[in-house]
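Following the hints, put chains L and D in place on chain E, whose structure we already have.
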Amino acid sequence: MIASLVAHEIARPPMLAPVSLRVDPGCVTGLIGPNGAGKTTLLRALAGLGKGPGRATIAGTALAAMSPAARTRCLAWLPADRDVAWPMRSDALVQIGLGPGAPHDPAAIATALALADATAFAARRVDSLSTGERARVLLARALVARPDWLLLDEPVANLDAYHRLDIMALLRAEAQRGAGILISLHDLDLARRHCDRLLLLHEGALVADGPPAEVLSPANLALVFRIRETPLGLEKAPPV
Amino acid sequence: MRALAALLLCVAIPVAAAPLRVASLNLCSDELALLLAAPGQLVSISRLGADPAETTLAARARGLPTNRGRVTDVVQLSPDLVVTSGGDPTAAATARRLGIATIELPQPHDFKALRANIRMLSNALGRDAVGEAVIANMDSVLEHPPHSRATALLVAGGGVTIEPDGLAAAWLAAAGLKQQTVSRGQINLEQILSKPPQYLVISNYRPDQTSTNQRWLSHPALAALPASVRRLHTDGRPWTCLGPGLVPEIVRLRALVAATR
Amino acid sequence: MNPRRLSLLLGLALVPLALASLFWDPMMLSSVAARDPGLARTILVELRLPRTLLALLIGGSLGLGGAAMQGLLRNPLASPDVLGPSTGASLGAIIAGYFLGGGVLGVALGGMAGALVALALLLALAGRGAATTTLVLAGVAISALGGALVNLALSLAPSPYALYDVMFWLLGSLADRSLPQLALAGPIILISGGILLARAPELDSLALGEDVAASLGVDIARLRWLIVVTTGTMVGAGVAVAGSIGFIGLIVPHLIRPLVGNRPGAAMLPSALAGAALLAAADLAVRVPINGQELKLGVLTALIGAPFFLWLVVKNR
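Residue numbers (the working numbering), protein chains in the order written: chain E, 1 to 240; chain L, 1001 to 1261; chain D, 2001 to 2317.
Next comes chain E alone, as it looks inside the complex:
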C-alpha cells in the first residue's frame, strides 16, 4: 500500500505562499496555473529539492532522510528542462533512473522505454533525438525504477498530439497499479479529461483544489488564466 504525499506548510520565498496539502496515490493529480504561478517550485519542494520553510513527507518520512535506494523506489522527479550534459545513449540515460550504483538492469530499461514509446531510440545518442523524442526518453528515465510517486514537470510539453494522449494513458495505467501521479500541465483540455483532481496555483498561492470540472470554472478561467470558453474553443477574455 502506497502512502500519501503530504506537504506541511511549504513556502519557498519569494514564490510560494505556505501550502499544505495531501496527494493520494492511485489517481492522477494535475497542477495547473499560468506561467510563473509556482508550479515548478511546488513540484520541486514536494520532490524534496530546494531549501525553504516547510517539508514534504511520505508516510511521515522526509525524502531527505531516506537512503538513496529507498528514495529511488519511492519517488521520481522529472524536470521541465530537457538538457542532457553529455551525448549519452538513451538506454544509458534511462539506467540513471535506477539510482547511482544500481546494477545494470536491461529488462527494466527496455520496459521503461517501451512504456514511453521510445524503444526505437534505445541505442541512439540523445543529441540525435528531437526535443519530443528526448522528452520521452527522459520520461522513461523517471519510470524505470517504477517508483511509488511520479512528480513530472510538464511531461507532455513538446509532444505531438498522439504522444500526449499516449503518455496520459500511461500515467493512468501507472495510477491504476497504485502509484501516485502529480504532473504540471499547460494543456487545460488534457487536464480536464485525464486528471482526477486539479490543483490551481495563481501568483504563488493555491487558489483552487478539486475535481477538474469544479476547478476549471468560468470564474477561475477568467480570473487566473484570463481566458473564456466558447463553443469554438478557448479565447482571450475581455479585460475586466
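Among these hints, one or two may not hold up.
Now the stretches of chain D that chain E is said to cover, found in silico as 3 or more residues with beta-carbon under 8 Å [as the list claims (entries may be wrong)]:
no., segment
1, 2197-2205
2, 2224-2230
Sample of chain E residues with no beta-carbon within 12 Å of chain D, all distances over it, derived [what the hints assert, rightly or not]:
no., residue
3, D83
4, A123
5, V126
6, A175
7, D187
8, E214
9, A219
Hints listed in this document are in silico derivations from the structure and should not be mistaken for laboratory results.
Ideal Cβ positions, reconstructed from N, Cα and C, are used throughout, including at glycine.
Relative to chain E, chains L and D alone:
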C-alpha cells in the same frame, strides 16, 4: 676588433689621473674590481658582489654601497668609471651616453681572455702593477699542471655541470682533473651512474638553501656510486666568474687529487 | 565499448610502457651491468622505478582529476591542469619550498594547499551549473592570477640560483626523482584516487543536472566537496614532485568519453589509466635527446595539449 675597442676605451679614459669613483655593475666585474682597485677607489658594487653567498670576496666589499646592476642606481654617486660584465646589455651604452667612462669586460673563454680582462681593468684603474701580480700568481698555478689527468665531473645541484672545453674545464685541468664529455651543461643521475668519473667534484653553492636542485645532490642514487669514485667538494662561488679567485681552490683540489691517487 | 573491457585493455597497455620506461636504453643498461651489476641495480631501483611509477601515478591522477571535474561541472573544458589548480599548486609549492624553507613534505603540503585554494575558488566562481564561458573565464582568471603571483614570487626570489631552480622546476620533469618522493606522493595519489573512483556512479547521474542527481539521493554538496579535496590533493602532490605538467587532464577524458558512451562516471577509471599511459609515453619520448638535452616533460605535454585544446574550442564553437 675587440682589442681595438679596448684600445679606444683606454684612450677615452683620462690617463692623467686614475679614476677615483669606480662603480661596478655585475658580479664578475665586482670580483675583479675588488681584487684590483686601491682602497677607496670603488664607490659601488652590485648586490651580488657584496653577498657572501655569491662571492668569496664579499668581505672586501664591506661598507660599500650596492647597486642592482643599472646605471641609474649609481649615477647619483657621480662615478668617473663604470665597469660591467654581462648583465643588462644596455647599461654600458647608457653610461657612455651620460659621458661616463665605461669598461665592458667580455666573458672570458680561456686564460688569454681572462688575462686580457685583468690587464684592461688594472690599466684603467691605474693599477697595472697589481694586475701583473694577480696574473703572475695565477700563472704560477697554471704553468706546472700535474701530469696525471684523472677523469672528473664537476657538478652543482640539479646536475648543472661545465663544458669539457671551456675555461672552467681549463681551471679543473690545472688541478689534474679532466672534465668528462657532457652534453649541454647539464647531466642527469643516470648519465653519471652509467659512466662514473674517477672524481666527482661537487660544487657547493648556497648549500643551506632548500631547493629541488639542492635535493638532487642528496639523491640516494648519488650515494650509491661505488667507492672507486672519489668525491671532492669545492666552494661553488668562484666557479661562477672563473676569475683569479679560483687560484686557492685549484691549489687545494690539486693537493687532494695528488693525495688520493 | 564496455568500460571494464576498455580499462582492461588500457591496463594491459600500461605493462609494455612501464617495462619500456624501466628498461629504456637496454644497451646502456647491459653495458653498465657487465661492468658493475650494483650500479645497474641502483639505476633501476633508485632512478627508473620512481620515475616510472611517478609517471603512471601522476598521469593517472591528472586523467582522473580531469574526468571528475568535467563530470562534476558538466563541462568538457574543465580540468585541473588548465583551469587553475596546477598553477595554484605551483605557487603553493614555491612559497612553501623557497620562502618558508619547507622540505620535501613542506613543498608537497604547499602544493596541495595551493591546488585546493585554486579549485575551491574556481567552484565558488563557476560552480552551480555555470555556463562554459563563466567557467573558462573564471579558470583563466585564476590561472592568470596564479601565474602573476608565481612571477611575483620569482622576482622576490632569495637568490638568482633559486630563480633558475624554480623556473626549471616549473617546466615539469620526472628525471632524477627518488624513492622518497614516490613514497610521499604515491600514497596520497592512490588514496585520493580511490576515494574519487568510488564516486563514479554518482557522476553518471549528474549528466541530468544536479537536481535530478539530488532527487536520486546524491548528496551534491558532499560530492562537490569530496571532488575538490581529492583532486586538489592529488594534483598538488603531483605538482610538488614533478612540477607543472599540463593538458593531460584536459585531453584524456575527451579521448575516453566517446569510447564509453559518453558516460562521465564510466569514463573515470579508463581516464585514469589512459592518463597514466599518456604521461608514461610522453616521459619515454622526452628521453630521446634533442640536441643533446632531454626535452622537459611539461613542455612536451603542452606542445601536444595546446593544439588539442584549440581543436576542442573550434569544434565546440
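Now the hints, each set against the structure:
| no. | hint | verdict |
| --- | --- | --- |
| 1 | 2197-2205 | holds (count 4) |
| 2 | 2224-2230 | violated (count 0) |
| 3 | D83 | 7 Å, violated |
| 4 | A123 | 10 Å, violated |
| 5 | V126 | 9 Å, violated |
| 6 | A175 | 20 Å, holds |
| 7 | D187 | 24 Å, holds |
| 8 | E214 | 31 Å, holds |
| 9 | A219 | 36 Å, holds |
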